[in-house]
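A.B. asks: Sequence lines, in order, name chains Y and X.
With the first letter of the first sequence counted as 1, position 159 gets the number 159 in this note's numbering; the numbers rise by one all the way through.
With the first letter of the second sequence counted as 1, position 254 gets the number 254 in this note's numbering; the numbers rise by one all the way through.
Since the hints were derived computationally from the structure, they do not count as laboratory data.
Keep in mind that the hints are not guaranteed to be accurate.
Said to hold, decoys possible - In silico lysine-lysine, DSSO-like type, Cα no more than 30 Å apart, as pairs:
#, chain 1, residue 1, chain 2, residue 2
1, X, 405, Y, 80
2, Y, 27, X, 155
3, X, 474, Y, 32
4, Y, 80, X, 277
5, X, 265, X, 83
6, X, 128, X, 155
7, Y, 87, X, 405
8, X, 405, Y, 27
9, X, 474, Y, 27
10, X, 474, Y, 89
11, Y, 32, X, 83
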Amino acid sequence: MSIVIDRRLNDRNKSAVNRERFLRRYKEQIRKSVSDMVSRRSITDMDRGGNVNIPARDISEPTFNHGSGGDREIVLPGNKQFSPGDKLKRPEGGGGGGGNGGGDGQSEDAEDSFTFSLSREEFMSLFFDDLELPHLVRNMIGDVREYKMQRAGFTPSGVPANLSVTRSLRQALARRIALTAPLKQQIKDLEQREVPPDEEIAELRRRIDRVPFLDDLDLRYRHRVKVPLPISRAVMFCLMDVSASMTEDKKDLAKRFYTLLYLFLSRKYEKVDLVFIRHTDNAQEVDENAFFHDRQSGGTVVLSALKLMQEIMTARYPADSWNIYGAQVSDGDAFGADPEKSRSCLVEHLLPSCRYFAYIEVPDDPMRTSPLSYAYQRIDSEKFAMSSVTQRGEVYPVLRELFKREAA
Amino acid sequence: MNASHAQPLSSGAEWTFELIERYDRAIGDIAVNEFKLDCYPNQIEVIASEQMLDAYASVGLPIGYPHWSYGKEFIRNEQMYRKGQRGLAYEIVINSNPCIAYLMEENSLPMQALVIAHACYGHNSFFKGNYLFQQWTNADAIIDYMVFARNYLMKCEDRYGHAAVEEILDSCHALQSHGVDRYRQPMPLSADEERERQREREEYAWKQYDDIWRTLPTRSAGDDARNDSVGQYPPEPQENLLYFIEKHAPKLEPWQRELVRIVRKMAQYFYPQGMTKVMNEGWATFWHYTLLNRLYDKGLVDDGFMLEVLSSHTNVVAQRGFDQRGYGGINPYALGFAMTSDIRRICEDPTPEDREWFPDIAGGDWLKVLDFAMRNYKDESFVGQFLSPRLIRDLHLFAIADHAKDEHLLVDSIHNEQGYRRVRQLLSQQYNRDGMVPDIQVVRYDHRGDRSLTLNHRRHRGRPLSDESGEVLKHLSRLWGFTVRLNTIDAQGKTLEQREVRG
C-alpha cells in the first residue's frame with residue numbers, strides 16, 4: 001500500500017535556478033549592497049561572501065488586498081480581563097491592531113529589509129562587474145588558487161594510466177632475483193656434489209619457475225601531487241594623498257583600486273604584505289582603518305611618501321627577496337618643485353627595485369592636467385602605469401598592462 | 001498477532017528504511033482497518049534538509065516552473081533556517097495520487113512515525129474525502145500537469161526570452177488570488193448539443209408561427225433594443241479575472257494565454273488548501289495523535305517513543321494568547337485539533353450544555369460525525385457549525401470590533417453566555433474568503449469600442465483596497481493591453497472612486 005523511496009541522493013540544488021533568477025532580477029539593488037560592503041571591508045578581507053540587504057518593498061509581489069480602515073471584527077485567543085463594552089486605545093502605527101492584522105503586521109516588520117547571503121563567488125563576480133573586469137582577468141584572479149601537478153615519486157597504487165612500466169619491471173626483476181637467488185645458490189651447491197641429486201635439483205628448478213615474472217606487488221605508478229603555485233612573497237605599498245581635497249568618494253575609488261591589485265597579488269604570491277602610507281605634507285605609515293577613514297589636514301608633499309616608501313623598502317623589504325608593488329592614489333595636486341622631485345625619486349630609487357608601480361589620479365576636473373601627472377607622464381618605463389580615473393569602470397584599465405603581462 | 005502486540009516494534013531513535021516500512025504497516029493497519037480512513041496509496045520519500053528547502057520554495061509541489069519569486073522564497077527560508085530562526089517542517093505532503101509525503105532525513109524514528117501518521121493517513125484521507133478537494137483538484141493529474149507546465153514554460157523562455165515570460169508570470173501572480181472559480185462553470189455545450197438546441201428552437205418557432213403576428217406594427221428600435229443587441233459584455237459580472245483574461249484579453253498571444261492558464265490552474269489547485277487550513281491540519285493532527293496513542297495502547301511502541309511524540313505534538317498545538325510573545329494569530333493546528341477532539345468528546349461524553357448546543361451529534365458515533373464533517377465542510381462552515389462554548393472558554397476567545405468611525409476599539413463579545421454565538425459567528429467570518437480577498441469583478445468589456453475593461457470593487461464594510469492595488473492594476477493592464485478601469489463602489493452601488501490605467 002505504501003512505497004518508501006530514498007530521495008536523498010537526488011539533486012539537492014533544485015532551487016538554484018530560481019535563486020539565480022532572483023539575483024539577476026535584483027542585480028541593481030544587490031550591486032549597491034555589494035558596493036557598500038566593499039567600502040566597509042578591509043582590503044585583505046574582501047575575498048569572501050557576505051550578507052546583502054534589499055528593502056522589502058522593492059521586491060514585494062503586489063496583490064489585491066484590504067488596506068487598513070473600514071469596519072471589522074477580530075477574534076483573538078487568551079482573554080484575561082476584557083468584558084463586553086470595554087473600550088481600548090488603538091495601537092499605534094496602523095495595522096488596525098491585533099488579530100490577523102496583528103499577525104501580518106509582525107511579519108511585515110520582520111521583512112522590512114530582505115537579507116540574504118551571497119556566496120564568495122557571487123560576491124566576487126558582482127565586485128568584478130562593478131569594476132568592469134574582463135572575463136579573462138576574472139578567471140585569473142577569481143579562482144581560488146592555481147595548482148600545479150608535480151611529480152612526487154612512485155606509489156604502489158594508482159590508476160592504470162599512470163603505470164610506470166620501467167619501474168614496475170625493475171621492481172619485478174629485483175623481486176625475482178631476491179626470491180630465486182637462494183634457490184640458485186642451493187642448486188649450485190648441489191651441483192658441486194659428486195653425485196648431483198637430480199630429483200632435488202629438478203624440484204628446486206620447479207620452485208624457481210614458479211616465481212612469477214610480474215606480480216601485483218611489483219606494480220609502480222607515477223605519483224603526482226598538487227602544489228599551490230604561488231610560492232614567493234610580495235609586498236604592496238599603498239600610497240595615498242589624504243589631504244582635505246580627497247573626499248570619501250575618491251577614497252572609495254582608491255580602495256577598489258588597491259583591492260583589485262591586492263586580489264591579483266594574493267593569487268600570484270603566497271604571502272602579500274600590505275604597507276599603507278598616507279601623506280599630507282609629511283608621510284606616515286598607518287593601519288588600514290586609519291588609512292581610509294582618518295581625516296587629515298595640511299598641504300601636499302608627494303615626495304615625503306615616496307621617501308618613506310624607500311626607507312621602508314630598505315629596512316624591511318629588500319628587493320632581492322621580495323616582489324615589490326607600488327600603488328599610488330592622489331588628486332594630483334602638488335606644488336613647486338615637488339612633482340619633479342617625486343618623479344626623479346620614483347625613477348631613480350623606486351622603479352629599479354619595483355616590479356610594478358601604478359599611479360591613479362582622481363581629479364576634480366578630468367580635463368585639467370595636474371602638476372603631478374604632468375611630471376609622471378614623462379616616466380618611460382614598462383613597470384609604470386598611470387591613469388586618471390573618475391569612475392569605477394576606469395580602474396581596471398590602469399592595471400591592464402600588468403594583468404596582461406602576468407597572464408601571458 | 002497477539003504475541004507481537006506485547007512486543008514494541010523497535011527501540012531507539014535511529015530509523016531505517018525497514019523500520020519505516022514496519023511502522024507504516026502498523027499505522028496503516030490501525031488507520032484503515034480500525035478507524036476506516038479512506039486514503040490514496042502512499043509514496044513516502046525520504047529527503048535531506050536542503051531538499052526540504054527546495055520543496056518549500058516550489059510551494060510544496062515536487063516540480064515547479066522557474067520564477068524569481070520562488071528564488072526569493074528559497075533565499076528567505078534558507079536564511080532563516082541557517083540562522084536557526086525557524087526549524088523546517090517535519091513533512092510536506094502533496095495532494096496527488098499516490099499521495100507523496102516527504103520525510104526528513106534528520107528526524108528521529110518517533111518523528112518519522114508521527115509524520116507518517118500525520119501526513120500519510122491524516123492529510124491523505126482529508127485530500128481524498130473533502131468536497132472542496134474533490135471538486136477542484138485532480139489528484140491523479142496534478143504531477144503530470146506540473147511537468148507539462150514546466151516544460152511548456154521553459155520552451156517559451158527559449159523561444160521568446162526570459163524577460164517576456166517573466167513579465168507575464170509576474171502579472172499573473174499578482175492576480176492569482178482572483179484567478180479561482182468558487183462555483184463550477186457550466187460545461188460548455190458540445191457541438192451536437194448545440195445543434196440539437198438549435199433544432200428544438202426552430203421547431204418551437206415553427207410551431208408557434210402564426211401569420212397574424214406579421215400584421216402587428218414593429219416597435220421602433222429604441223435604446224433598450226440596441227443595448228440588448230449590442231449587449232453589455234460580459235452579461236454577468238465575472239469574478240475569475242485570470243479566466244476572463246485568458247479567454248478574452250484582446251492582445252495576448254496564444255502562448256501567453258497558456259501561461260495565464262497555467263498560473264490559473266495552480267491557483268485553483270491551491271484554492272481548497274486555503275479554504276480548509278484549520279480543518280485539514282486539525283484533522284491530520286487529530287489522527288496522528290489518535291493513531292499513535294492507539295499504537296501505544298497496543299504495546300507496539302514504548303514510553304520513550306511516546307514521550308518524544310507527545311512533546312512534539314504539544315509544540316505543534318500550542319496556542320499563545322494575543323498578548324504573549326510569539327503570538328502569530330490563531331494557530332490552525334491548535335484550533336483544528338481542539339475542535340476535532342472536541343467533536344469526539346461531544347459524541348462520547350456530552351455535557352448537558354453540549355446536548356443543548358449539538359443535539360444532532362451529542363452521544364453519536366464520533367467516527368461517523370467526524371467523517372461527515374471532514375467530507376462536507378470548509379473552515380468557515382466548520383467553525384460556524386462545530387465550535388462549542390466549552391472550547392470558546394478553553395481558548396478564552398474574544399472579539400474586538402474595529403470600526404472606522406469609532407475612536408476606540410471596542411470589545412465586542414467574550415466567552416460568556418451572551419457572547420458564544422457571536423464569537424463563533426465572527427470567528428467563522430474570519431475564515432470567510434470574502435473577508436480576506438477583496439471582491440473585484442469584471443463588469444464590462446467594451447469589445448466594440450475602445451476595448452477597455454471595467455472592474456468593480458465592491459467595498460466590504462467600508463474596507464478600502466491597500467496601496468498596492470495601483471501596482472496590481474498596472475499588471476492587469478499589461479495583460480489586457482488596453483485601458484483598465486477599477487471602480488470602487490459601496491454596498492448601494494454608488495461609485496466612490498475610480499482608478500484607471502491607460503493601455
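A.B. asks: Look at each hint and say if it fits the structure.
C.D. replies: Results of checking the hints against the structure:
no. : hint            : in the structure
1   : 405/X <-> 80/Y  : holds, 27 Å
2   : 27/Y <-> 155/X  : holds, 25 Å
3   : 474/X <-> 32/Y  : holds, 27 Å
4   : 80/Y <-> 277/X  : holds, 27 Å
5   : 265/X <-> 83/X  : violated, 35 Å
6   : 128/X <-> 155/X : violated, 34 Å
7   : 87/Y <-> 405/X  : holds, 14 Å
8   : 405/X <-> 27/Y  : violated, 45 Å
9   : 474/X <-> 27/Y  : holds, 23 Å
10  : 474/X <-> 89/Y  : violated, 37 Å
11  : 32/Y <-> 83/X   : holds, 24 Å
Violated hints for the displayed structure, listed by number in ascending order: 5, 6, 8 and 10.
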